[in-house]
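Enquirer: Here the protein sequences come in this chain order: L and B. Once you know that position 146 of the first sequence is 146 in our numbering, the rest is easy, because the numbers rise by one and skip nothing. Once you know that position 172 of the second sequence is 172 in our numbering, the rest is easy, because the numbers rise by one and skip nothing.
Be aware that a few hints might be false.
Stated by the list, open to error - Chain B residues, not near chain L, derived (Cβ > 10 Å throughout): (1) W12; (2) S58; (3) T79; (4) D137.
Stated by the list, open to error - Across the chosen pairs, the derived CB separations fall in these ranges: (5) G71/B / K139/L: 57 to 63 Å; (6) K139/L / A35/B: 28 to 34 Å; (7) D21/B / P138/L: 55 to 61 Å; (8) E110/B / K139/L: 20 to 26 Å; (9) A82/L / H186/B: 47 to 53 Å; (10) D21/B / L87/L: 39 to 45 Å; (11) K154/L / S33/B: 45 to 51 Å; (12) L241/L / G179/B: 30 to 36 Å; (13) E9/B / K154/L: 29 to 35 Å; (14) D99/B / V13/L: 54 to 60 Å; (15) P138/L / H243/B: 35 to 41 Å; (16) R234/L / P113/B: 55 to 61 Å; (17) A35/B / P138/L: 29 to 35 Å.
It is worth saying that the hints were derived from the structure and are not from the lab. In this text the structure is predicted, and so the values were computed from the model without any measurement. Note that CB positions come from ideal geometry on N, CA and C, so glycine has one too.
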Amino acid sequence: MLPLAVLIVLFAVWEASVRLLAIPVYILPAPSRILAATWDVRGAVLMHGVATLWTVLAGFVLAILVALPLAAYITVSSFGRAAIYPLIILSQSIPKVALAPILVVMLGTNILPKIIVTMLVAFFPLVVSTATGLSAVPKELLELGRSLRASRMKELLRIRMPFAVPFIFSGLKMAITLSVIGAVVGEFVAADKGLGYLMTSSLAFFNTPVGFGAIVTLSLMAMLLFQVVALTERIFFPWSLRMVH
Amino acid sequence: MSEGTVTLERVWQIFGADEEDEGVTALADVSLSIADGEFVSLVGPSGCGKSTMLRLISGLVVPSRGRILLGDKPVTGPTPDVGFVFQAPTLLPWANVLDNVLFPLRMLGEIGPDSIDRAHDLLALVGLSGFEKRRPDELSGGMQQRVAICRGLIRDPAVLLMDEPFAALDALTREEMCGHLLDLWHRQPKTIVFVTHSINEAVFLSDRVVVMSARPGRIADEVPVDLPRKRLMEMDNRDEFHHATQRIRAHIYGSRDKGAPPDLAPDTAPKLVRSA
């Protein structure tokens, strides 16, 4: 509980400094102001939060749907490993956040470009950790599979995939946090709802406390989603937590 | 001919050979006959092709020249008809002990009504009754390796190949495992080809010890062990045990220094640098 205590102290210092130094609310609101202002518009925060949550989840699921087959392909195909994998690594140098405005031009100001940005931001760690896990299977286990006449597909599904579960989950934990970032960036660029939109529109009117409230809500959402992923691993793959890698 | 015999006929194994490179010769002209129900150990320095021999017998590696027979059938590719136990237990971390033992049957779609009983019987033979629902990470290294042995035996193969199965275990666990293995072998006789670095272990377990020389791997000697078949720990005091271990040692060190083991001939030490 030590981190919580430190956090409380930090907020107390923040609150005290703002009051003592009489910092204008539009520059830095005190935590109490943030809480009160956000509570006043709780209906709007909830509505925008739900909109962002959908974008996050859609982008996250899409990232999984793209990343897992891609990682499997990279692992089993020598062409994939030699030709595709380096390109995926290389694609990391593209600032995907900067792609958001272009995607809006291409796809319009609907939910689609936001989902795509979210997916692009989230899928990379998932591909890398899944591919690493699929290749981390001990050689002997693959030999055992071969001596049992396992086809490539059977080897993938019965040996490699389960073996990669701990790796996949470490990728999923990164991906879910990045999904929240991706969704907010998408909402910054073009949106009429979502917490990213709430933030930009509040700040445009110097309503800084609500802008901060949106950030707090986003952090809570990211933490909650992370815990859901961690809990899924603990409930369905308890052995995975004990695997050392 | 019984299906438990293993025959290598003039087997060569050359890795990495192509037009420019003549490759590395792992095994050179190796011929060996193993009788049904025989316990044979392969010993030799690192890189003498012991593990390659096991992979050839199991069909995981195809010989560059020569042929291998299981019973009277030539080995042409990976076969589930021999059991294989590796140096590391390599159990499935997500499956419990019982499912690990049954894994080969599941993969081959051979699970039958008596499969689970057979798995229970095997686990009982190696002292793991009551551990069926445990996961591998809850077991000690020795217990994990016993599960791996049961997995190798679940299809009741006529031939069991073991690649330094006890190498990763501590000395006491190793002795205990040797006991378990001999027990198992007496109750369910089968041909065992056992690779080890331990000369004592080889002599203690085997009917015959095949001594290999390194690069290229050849058979340097085949040493029969004239101890009674029911082996007991205290047999390492007997003359037959010493004769066998000394003959094997002479071969392994003699390939570097003709005849005497290096510790008995300090004045010839510089010769050790000269390779075989």
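Enquirer: Failing hints, ascending?
Expert: Of the numbered hints, 2, 3, 4, 5, 7, 10, 11 and 16 do not hold.
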